[in-house]
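Asks: Taking the hints into account, I'd like the entire structure generated from these sequences.
Chains as they are written, first to last, in the working numbering: chain L, 1 to 293; chain G, 1 to 389.
Keep in mind that a hint or two might mislead.
[To be verified] With a straight-line Cα cutoff of 20 Å, these simulated EDC-like cross-link-like pairs (lysine to aspartate or glutamate) come out: (1) G:Lys-385 with L:Glu-147; (2) G:Lys-297 with L:Glu-59; (3) G:Lys-300 with L:Asp-165; (4) G:Lys-245 with L:Glu-59; (5) G:Lys-300 with L:Asp-280.
Keep in mind that the hints were calculated from the coordinates and are not lab data. Note that the structure is a prediction, hence the values are computed from the model and not measured.
So the chains spell out like this:
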Amino acid sequence: MKKIILILILLIAIVSSNYANIKVVASTTVIYDLVKEIGKDKVAVDFIARGDQDPHFVEVLPSYMLKLRNADIFFRIGMGLEMWSNQLIDGSRNSSLKVIDLSTDIDKKEVPNYKPDASYGDVHPFGNPHYWLDPENAKVMAKEIYETLASESHQDEAFFKKNLDEFNSRIDKKMQEWTNTMQKVKGKSVLFFHASWIYFADRFGIKTAGFVEPKPGIAPSPSHNAELVQIIKSKNIKTIVMENFYSDSAPNQLAQLTGVKVVKVATAVYGIKSVNSYIDMIDNIVNQIIQNS
Amino acid sequence: MNKLLFALFLLVIVSGSIDAQSSINPDISLIGTFNTFTNFIKGTPEYGKLNFGDPEMELFVDGYLNPFARATANISYENNTFGVEELYGNIVRGLPFDMQIKAGKFLVGFGKLNTVHPHAWPFLERPLFHQVFFGEGGLNDVGVNFSFLIPTGDVFTNLDLGIFKGKSMIPQTDSNAIDHGINPIFVGRLSTFWSLDDYTNLEVGLSGSYGAYSKGNLILFSIIKNVDNIETFNYLYGGIDFKFKYAPDSYTVLTIQGEGILNHRTVPRVDFFGVDNTTASSKKISNSGFFIYADYKFQKQFSFGVKYDYTAGILGDLPTFYSLSNDDKNSTQGFETWFSYYPVEETSVVRLGLQHLIYDYDDGTSRPAETTIKLQFLFSLGPHKAHPF
Ligand SMILES: [Zn+2]
Chain L
1 MKKIILILIL LIAIVSSNYA NIKVVASTTV IYDLVKEIGK DKVAVDFIAR
51 GDQDPHFVEV LPSYMLKLRN ADIFFRIGMG LEMWSNQLID GSRNSSLKVI
101 DLSTDIDKKE VPNYKPDASY GDVHPFGNPH YWLDPENAKV MAKEIYETLA
151 SESHQDEAFF KKNLDEFNSR IDKKMQEWTN TMQKVKGKSV LFFHASWIYF
201 ADRFGIKTAG FVEPKPGIAP SPSHNAELVQ IIKSKNIKTI VMENFYSDSA
251 PNQLAQLTGV KVVKVATAVY GIKSVNSYID MIDNIVNQII QNS
Chain G
1 MNKLLFALFL LVIVSGSIDA QSSINPDISL IGTFNTFTNF IKGTPEYGKL
51 NFGDPEMELF VDGYLNPFAR ATANISYENN TFGVEELYGN IVRGLPFDMQ
101 IKAGKFLVGF GKLNTVHPHA WPFLERPLFH QVFFGEGGLN DVGVNFSFLI
151 PTGDVFTNLD LGIFKGKSMI PQTDSNAIDH GINPIFVGRL STFWSLDDYT
201 NLEVGLSGSY GAYSKGNLIL FSIIKNVDNI ETFNYLYGGI DFKFKYAPDS
251 YTVLTIQGEG ILNHRTVPRV DFFGVDNTTA SSKKISNSGF FIYADYKFQK
301 QFSFGVKYDY TAGILGDLPT FYSLSNDDKN STQGFETWFS YYPVEETSVV
351 RLGLQHLIYD YDDGTSRPAE TTIKLQFLFS LGPHKAHPF
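Replies: Structure below.
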């Protein structure tokens with residue numbers, strides 16, 4: 001009898017040591033990818049917003065609450081991007097869930113110094129939350145993820161640290177490549193669809209000529225499009241860059257009127273078939289912009 | 001006085017939100033509704049004319065009390081009076097058995113639609129059976145609800161059990177309806193949610209409600225022989241509901257939703273067998289109601305849909321022991337269609353709706369069908385809210 005118990009205990013120990021011991025849910029697929037990079041097989045991770053979905057507008061589904069119900073940690077972008085996330089946390093009923101906002105150490109841009117008001121568009125009330133499009137910020141996010149995972153599982157700290165260092169050095173290497181490639185468009189003006197590109201544009205020295213959305217989160221309008229035609233002509237703009245989950249009907253109109261090229265890219269991992277990691281994603285964005293400029 | 005209190009309340013909230021721009025402030029949103037309508041009901045003063053309804057308003061104040069609990073107040077302004085539509089606290093996390101407790105006055109979850117505020121419905125008119133079986137404002141009551149997650153693996157299953165004051169269930173206002181009797185009622189709902197794929201979701205629910213809706217001495221209903229007979233009149237509701245949503249991209253949503261109710265209750269009935277031979281007794285009756293609608297939203301800014309309604313009872317009847325939910329003889333059918341335009345996101349919407357009502361009387365009374373056309377303007381001021389399924 002004692003032997004059986006001993007074997008059982010051993011079995012449980014073996015199974016549980018191989019089993020991923022931290023359960024993580026990421027609000028977006030970019031965070032999901034970074035958690036996988038740092039946590040590898042010590043972490044079981046799932047995500048909520050799909051890569052082909054506008055992260056501002058995710059429906060509060062009970063199935064997402066179930067994901068959070070069993071999680072130890074929930075990572076989110078913060079700055080009001082996931083206005084749907086509190087309802088999911090409430091619905092999860094998980095009172096031991098750690099909610100980690102990855103924007104904490106980010107150098108935030110476009111933080112309003114006026115009282116946020118819906119007349120400015122209502123989806124960026126705490127500043128521009130699209131910071132993950134700057135690869136340097138991916139390193140800041142990765143560090144925050146590393147610190148959280150390490151404090152959750154001290155015995156794996158060295159393992160996570162090693163993964164973090166590896167990830168950072170890969171980003172650094174790619175960063176040189178991306179910067180070199182983007183030299184070709186440096187200083188040029190680009191039109192963007194949604195105000196999600198300031199971090200990317202600043203990093204690679206692109207000028208933002210304007211946005212197809214009149215205000216963040218506000219649908220394109222004919223009068224605004226007419227203004228954009230003037231901007232495209234006067235500034236000799238060659239490219240409109242947009243997320244692939246937005247409707248391209250307004251950008252296509254501009255393309256017909258002015259000959260500008262519409263570049264649809266994924267701004268999340270799994271946003272299109274070939275983008276399966278954060279590095280894939282930036283690769284794809286950089287290549288698409290270069291090919292169409 | 002009502003208005004003065006409300007003005008004070010507003011002042012406190014507004015000054016609070018100006019002084020302290022911290023994120024600890026509750027969220028405040030204001031929904032305004034403005035209706036114009038015309039009907040084609042012969043003999044009414046509105047016939048064929050453009051009528052302006054009084055504006056309606058709902059003010060929501062809600063926020064976290066702490067990470068585990070929320071509180072919500074909803075003040076309404078309708079028919080030129082202010083009212084507390086909802087006022088409740090909700091403990092959402094940290095309770096034993098992963099329970100959630102909601103206490104106060106709120107929209108009760110018999111079916112799914114009743115807990116959704118009318119401004120968030122795709123259509124304009126409250127389902128007919130809700131008006132007949134829950135009253136004109138829907139099932140809105142004071143009480144406590146306990147919500148439990150049922151462990152069904154990857155499928156989300158929720159059980160709500162609530163006990164309420166039962167005011168919504170006592171629609172009788174006629175002189176016969178003595179001693180409404182404040183007896184608690186019970187309401188429960190078991191619901192299951194499936195993600196069929198990344199773009200398609202389905203929720204199915206079963207509801208039940210039981211309680212007394214009135215108490216009284218049968219002598220007061222008519223000339224009765226059986227003097228000592230004080231009765232409690234009970235009802236039992238069973239409900240079934242479903243909601244299906246298909247959203248292939250962020251611009252297009254197809255929603256199909258339906259709910260049905262079965263009602264069993266005891267009602268007082270008077271039988272005449274001649275001048276000196278009248279008896280009053282309680283009888284058991286059964287009746288039912290349901291609605292189903294489809295709404296198609298396209299290009300994010302437009303939607304249109306159709307709804308079919310059936311309910312026992314004649315819509316608009318005065319509430320008595322023989323009418324509405326106590327009516328097992330007559331019925332009302334409704335057809336509704338609508339077209340909505342959301343000019344800027346969901347902060348404003350213009351809706352054009354048509355409702356056609358058909359009345360069916362058991363005794364052969366003929367009453368012409370009634371058509372109403374409504375144009376509604378609705379705006380919503382306040383922070384952007386996420387959309388629950
Ligand atoms: Zn945005």
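Asks: So, for every hint listed, does it hold in this structure?
Replies: Hint by hint, here is what the structure shows:
1. G:Lys-385 with L:Glu-147: 32 Å, violated
2. G:Lys-297 with L:Glu-59: 15 Å, holds
3. G:Lys-300 with L:Asp-165: It is violated: about 44 Å lies between the C-alpha atoms, which goes past 20 Å.
4. G:Lys-245 with L:Glu-59: Between G:Lys-245 and L:Glu-59 the Cα gap is close to 11 Å, so the pair holds against 20 Å.
5. G:Lys-300 with L:Asp-280: Judged against 20 Å, a Cα distance of about 30 Å means the pair is violated.
Of the numbered hints given earlier, the model fails hints 1, 3 and 5; all others are met.
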